[in-house]
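*Asks:* Sequence:
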Amino acid sequence: MLKIGLINYLNAYPFSWPLIRNHKQKGKWKTVLARPGELNQLLAQGELGMSLVSAFEYLRNRDQYILAPGIALSSKGYVDSVKLVSKVPIKKLENKSIYTTSASATSISILKILLGEKNIKSKALIDYDCHQGVPKEALAALTIGDEALTEDFSAFTYSWDLGAAWRELFKRDIVFALCVIRKDALEIYPKEISFLVKKLQNAPTESFACEETFAKNCRQTYPEIIKPMTYLRNLHFECGEAEISNFNFYIELCAKHQLIDQVFEAQYYTE
Numbered sequence: 001m002l003k004i005g006l007i008n009y010l011n012a013y014p015f016s017w018p019l020i021r022n023h024k025q026k027g028k029w030k031t032v033l034a035r036p037g038e039l040n041q042l043l044a045q046g047e048l049g050m051s052l053v054s055a056f057e058y059l060r061n062r063d064q065y066i067l068a069p070g071i072a073l074s075s076k077g078y079v080d081s082v083k084l085v086s087k088v089p090i091k092k093l094e095n096k097s098i099y100t101t102s103a104s105a106t107s108i109s110i111l112k113i114l115l116g117e118k119n120i121k122s123k124a125l126i127d128y129d130c131h132q133g134v135p136k137e138a139l140a141a142l143t144i145g146d147e148a149l150t151e152d153f154s155a156f157t158y159s160w161d162l163g164a165a166w167r168e169l170f171k172r173d174i175v176f177a178l179c180v181i182r183k184d185a186l187e188i189y190p191k192e193i194s195f196l197v198k199k200l201q202n203a204p205t206e207s208f209a210c211e212e213t214f215a216k217n218c219r220q221t222y223p224e225i226i227k228p229m230t231y232l233r234n235l236h237f238e239c240g241e242a243e244i245s246n247f248n249f250y251i252e253l254c255a256k257h258q259l260i261d262q263v264f265e266a267q268y269y270t271e
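Read in this note's numbering, the sequence shown has 90 at position 90, and its numbers run on one by one without any break.
FYI, nobody ran anything at the bench for these hints, they're computed from the structure. Glycine is no exception: its CB is placed at the ideal position from the N, C-alpha and C atoms. Hints should not be assumed to be uniformly reliable.
[Stated by the list, open to error] Only pairs whose alpha carbons sit at most 20 angstroms apart, straight line, appear in this in silico PhoX-like list of lysine-lysine:
| no. | residue 1 | residue 2 |
| --- | --- | --- |
| 1 | Lys123 | Lys3 |
| 2 | Lys191 | Lys30 |
| 3 | Lys183 | Lys3 |
| 4 | Lys87 | Lys112 |
| 5 | Lys28 | Lys191 |
| 6 | Lys76 | Lys28 |
| 7 | Lys87 | Lys121 |
| 8 | Lys112 | Lys123 |
| 9 | Lys91 | Lys123 |
| 10 | Lys96 | Lys118 |
| 11 | Lys112 | Lys92 |
| 12 | Lys118 | Lys198 |
| 13 | Lys92 | Lys123 |
| 14 | Lys199 | Lys28 |
| 15 | Lys227 | Lys183 |
| 16 | Lys112 | Lys171 |
| 17 | Lys91 | Lys121 |
| 18 | Lys3 | Lys191 |
| 19 | Lys30 | Lys183 |
| 20 | Lys227 | Lys216 |
[Said to hold, decoys possible] Beta-carbon label-pair distances, calculated as ranges:
| no. | residue 1 | residue 2 | range |
| --- | --- | --- | --- |
| 21 | Ile188 | Tyr158 | 44 to 50 angstroms |
| 22 | Asp152 | Thr31 | 28 to 34 angstroms |
| 23 | Glu94 | Asp261 | 23 to 29 angstroms |
Working from the sequences, and respecting the hints, build out all of it.
*Replies:* Below is the structure:
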């Protein structure tokens, strides 16, 4: 049976909600809900046939993958759920250790690029468990997703929103997540994948068309997050020409900052 990964964060709920509630298709595939970092690993290991994953996961294992068209999670400048919190001004993090969560590979790459563009060289990036919260001893920490929206950061004087910083610096938005298909899974499950690609392409429109019911489910599923619909309206859920251009720009910057070996052309699924 085909397994499809769905991101277990509010920001991806417009994609996952229509699939989770589609009982008519039960038994044709299995949904796996997890944080992006875990989905990245499961997809790379072949435990999933397709998944919404960190954009950077496609970059580092692109030979195994193909991108589903029309499906992306992007910022609109300020995003609030991807930020660096710090006890000192950002420019004073030179040669200092920064705690980072492995919950998302894209956010770490974005942080590295932004620091690199500002010529700030950190001493080290130290991984921490997002389930446990930011360590008390951290001078600065990258926090993402629902934890970034709900955790108490009163111990930190400064907050650097990476979506806003990216737009200010590059006049572009960030593509955080994409739908990625394993090439070997496509050979085994072509019909199921074709159906799911269409379903995911239409999922955000379906979610927001049922706004009252969808909003109620958002509050029930993510009760800690205040005003979930207001937060979701700060995001893009499509992948048109602008998002493709922004993603290609991100690939170029990853190569510039030596996060990948070279610039390449992304491959997209077609029937």
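*Asks:* Each of the hints needs a verdict: does it hold here or not?
*Replies:* Comparing the hints with the structure gives:
Simply put, Lys123 and Lys3 have alpha-carbon atoms about 39 angstroms apart, too far for the 20 angstroms limit, and the pair is violated. For the proposed pair Lys191 and Lys30, the alpha carbon gap of about 15 angstroms is at most 20 angstroms, so the pair holds. Pair hint Lys183 plus Lys3 holds up; C-alpha atoms about 14 angstroms apart against a cutoff of 20 angstroms. Only pairs whose Cα atoms come within 20 angstroms are accepted, and Lys87 paired with Lys112 is accepted, the gap being roughly 19 angstroms.
Only pairs whose Cα atoms come within 20 angstroms are accepted, and Lys28 paired with Lys191 is accepted, the gap being roughly 10 angstroms. For the hint pairing Lys76 with Lys28, the CA-to-CA distance comes to about 35 angstroms; that exceeds 20 angstroms, so the pair is violated. Pair hint Lys87 plus Lys121 holds up; C-alpha atoms about 17 angstroms apart against a cutoff of 20 angstroms. Taking the CA atoms of Lys112 and Lys123, the gap is near 12 angstroms; set against the 20 angstroms cutoff, the hint holds.
Annotation: proposed proximity of Lys91 to Lys123 holds, straight-line Cα distance about 13 angstroms (limit 20 angstroms). A C-alpha spacing of about 15 angstroms is found between Lys96 and Lys118, which places the hinted pair at or below 20 angstroms, so the restraint holds. A threshold of 20 angstroms between alpha carbons decides the hint, and for Lys112 with Lys92 the separation of about 15 angstroms falls inside it, so the pair holds. At most 20 angstroms may separate the alpha-carbon atoms for a hinted pair to count; Lys118 and Lys198 exceed this at roughly 40 angstroms.
Proximity of Lys92 to Lys123 is assessed by CA-CA distance (about 12 angstroms); at most 20 angstroms being required, the pair is judged to hold. Taking the CA atoms of Lys199 and Lys28, the gap is near 14 angstroms; set against the 20 angstroms cutoff, the hint holds. For the hint linking Lys227 to Lys183, the alpha-carbon distance of about 39 angstroms lies beyond 20 angstroms, and the restraint is violated. For the hint pairing Lys112 with Lys171, the CA-to-CA distance comes to about 18 angstroms; that is within 20 angstroms, so the pair holds.
For a cut-off of 20 angstroms, the pair hint linking Lys91 to Lys121 stands: about 10 angstroms separates their Cα positions. Our distance criterion of 20 angstroms between C-alpha atoms is met by Lys3 and Lys191, whose separation comes to about 14 angstroms. With a C-alpha separation of about 18 angstroms, the suggested pairing of Lys30 with Lys183 holds against the 20 angstroms cut-off. A C-alpha spacing of about 11 angstroms is found between Lys227 and Lys216, which places the hinted pair at or below 20 angstroms, so the restraint holds.
At about 49 angstroms, the CB distance of Ile188 to Tyr158 agrees with the hint of 44 to 50 angstroms. Range check, Asp152 to Thr31: Cβ separation about 32 angstroms, and the 28 to 34 angstroms hint holds. With their beta carbons about 27 angstroms apart, Glu94 and Asp261 fall inside the hinted range of 23 to 29 angstroms.
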